[in-house]
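Engineer: So the sequences go chain by chain: A and B.
Under my numbering, the first residue of the first sequence is numbered 5, with each subsequent residue one higher.
Under my numbering, the first residue of the second sequence is numbered 61, with each subsequent residue one higher.
These aren't lab readings, by the way, just hints derived from the structure by calculation.
Check before you lean on any hint, since a few could be wrong.
Said to hold, decoys possible - Stretches of chain A that chain B covers, calculated by requiring three or more beta carbons in the stretch to come under 8 Å of a beta carbon on chain B:
#	region
1	159-170
2	175-181
3	221-234
Glycine included, each C-beta is placed from N, C-alpha and C at the ideal position.
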Amino acid sequence: MAAAARRGGFGLLAGVCLLLALAFFTIPLIALVTEVPLRDVPNLLRDPMVKDALKVTARTNLIANLLFVGIGTPAAYLIATRRFPGRALVVTLVELPIVLPPAVAGIALLAAFGAGGLLGDDLKGRGIFLPFTEWAVVFAVTFVAAPFYLRQAIAAFESVDRTYTDAARTLGAGPARTFWRVALPLAASGLLAGWVLAFARGVGEFGATIVFAGAVQGVTQTLTLTIYAELDANFDAALAIGVLLVVLSAFVLLASKAVTWRR
Amino acid sequence: MAALSVDLVMQLRAFELHAALEVGEETLALVGPSGAGKTTVLRCVAGLARPDRGRVALGGHVWGELPRGPWLVPERRAAGYVFQDHALFPHLSVRRNVAFGGRARVDDLLERFGIAALADAKPREISGGERQRVALARALARSPEVLLLDEPLSALDTDTRLRVRGELRALFDELRLPTLLVTHDFRDALALADRIGVIVEGTVRQVGTPGELMAAPADAFVATFTGGHVAGGVAVYPWDATVRSGAPDGDAGLFVVAGPAEEVVFDAGRSLVRVGGLVGEAAAGESIARGEQAWLTVPRERTHPVPNVEMVSP
Chain A
5 MAAAARRGGF GLLAGVCLLL ALAFFTIPLI ALVTEVPLRD VPNLLRDPMV
55 KDALKVTART NLIANLLFVG IGTPAAYLIA TRRFPGRALV VTLVELPIVL
105 PPAVAGIALL AAFGAGGLLG DDLKGRGIFL PFTEWAVVFA VTFVAAPFYL
155 RQAIAAFESV DRTYTDAART LGAGPARTFW RVALPLAASG LLAGWVLAFA
205 RGVGEFGATI VFAGAVQGVT QTLTLTIYAE LDANFDAALA IGVLLVVLSA
255 FVLLASKAVT WRR
Chain B
61 MAALSVDLVM QLRAFELHAA LEVGEETLAL VGPSGAGKTT VLRCVAGLAR
111 PDRGRVALGG HVWGELPRGP WLVPERRAAG YVFQDHALFP HLSVRRNVAF
161 GGRARVDDLL ERFGIAALAD AKPREISGGE RQRVALARAL ARSPEVLLLD
211 EPLSALDTDT RLRVRGELRA LFDELRLPTL LVTHDFRDAL ALADRIGVIV
261 EGTVRQVGTP GELMAAPADA FVATFTGGHV AGGVAVYPWD ATVRSGAPDG
311 DAGLFVVAGP AEEVVFDAGR SLVRVGGLVG EAAAGESIAR GEQAWLTVPR
361 ERTHPVPNVE MVSP
């Protein structure tokens, strides 16, 4: 009797914890869509500052995502399928930005590519100046978001049974054909899951961008930076951007789940 | 047709693998307990593993020669490999699995293996026996000059197993390719192979036709593995020995063991009786109960003295 009561008591406690957690996550989201009249959102998003931010965010994130998927996928495949000395160190280096505070990432990028930085002067000599340009945003987003993709991509390729790639080789496929026709399709859902995380992290990038790229309207001011800039000037516009980003994130998450279920 | 010649030395975790084999236009089965290094031999022939030293050649064409010399990558060796669990690509249809090995003969192969109706199915939608045929068709799509099979029957249930065994034997006879297969089951090897190599802990103990192995088992392991029983340095096969409840008359040509019946097993209409560690068939009309005094007799020329090597149970 006492044991059953204890078990029941624990179930109740866990249930209360779950309700608390759900409330904590949903109340701000509900506030976001109730504090701004939803039918005003399209108008608010037509604000020139918001339109500029939308373009900057779309452009920089597109380039950053192409970069880290294009370069990251073969790199992750190599890490996942080869055993080489220093492999653990390589994996740690790739994962480090995940735990690095974004502001630290920004200052590190500035120290590397900024004026007087490690590579900054060399680049300047060749007419390349990165900080406070759109490319600075691309760098900041890539630096902060790519590790999420890489880590998941390594795990996805590691989970592909070696027998399949062995079979491809005995059937006459070289390493490249084995990668494209066997490893990549078999790792696809894991790669997609990693990309969704990295994409969301990239669109939400704030700290590294403001340190390394600043907030120049039409050049480096992304949607998240605009939320910050509009807090005092136009709170409703900031809320509208919030609604847009919530809808975008939810859509990407649901779309990726739909693709994974279908497989 | 060129013969496959294999000579390998490779340090594995618990022992060193030594394998020297010649496979002509025939099927050679490498038989041994799991962990004996059988699959490693196949992987070395296919180029999926790299021995410390050794040579793999098909006729005059050297596929690998280590430590000095080339070691060709798998895609440059004309070897068809059928994996233990078939390793069909789960994301490709049956047709595209077969076409992966080569597009030219896909329709013929689908027809030949009776899987044309399944061409658009995914591997997870078909049965174990069908998967086996797809794996064979895929391996042959590359027009290999050597066929390698890793435990070709182990992924199948008992009913399918017997049918596939017959299909495989017919296929080997039709192809006449140097074929190397590995199995832990001696009966499968008997049914499929022209010659059998017994491998234990990385060492090939004996290679020969099934008849040769049973006529003169090289050691106690080979004798036990091929179905015999060993006691006192002598191997005896159950079908050569007779067990009676009465003492035989003193025939000098007979090898006799007397003792209580240690175990009595009924098998396919016969009754097999163990006496003094050896097993024989109860003589016609005899019924021997466990514990009764019994005499096991074997014609002397049907006993096989075996060197007293350490026993490894199969």
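Engineer: For every hint, state whether the structure bears it out.
Structural biologist: Against the structure, the hints come out as follows:
1. Coverage of the region 159-170 of chain A by chain B holds [criterion: at least 3 residues with CB-CB distance below 8 Å; count 4].
2. Residues of the region 175-181 of chain A with a Cβ under 8 Å from some Cβ of chain B number 4, which satisfies the need for three, so the listed coverage holds.
3. Residues of the region 221-234 of chain A with a Cβ under 8 Å from some Cβ of chain B number 0, which does not satisfy the need for three, so the listed coverage is violated.
Hint 3 from the earlier list is the only one contradicted by this structure; the remaining hints agree with it.
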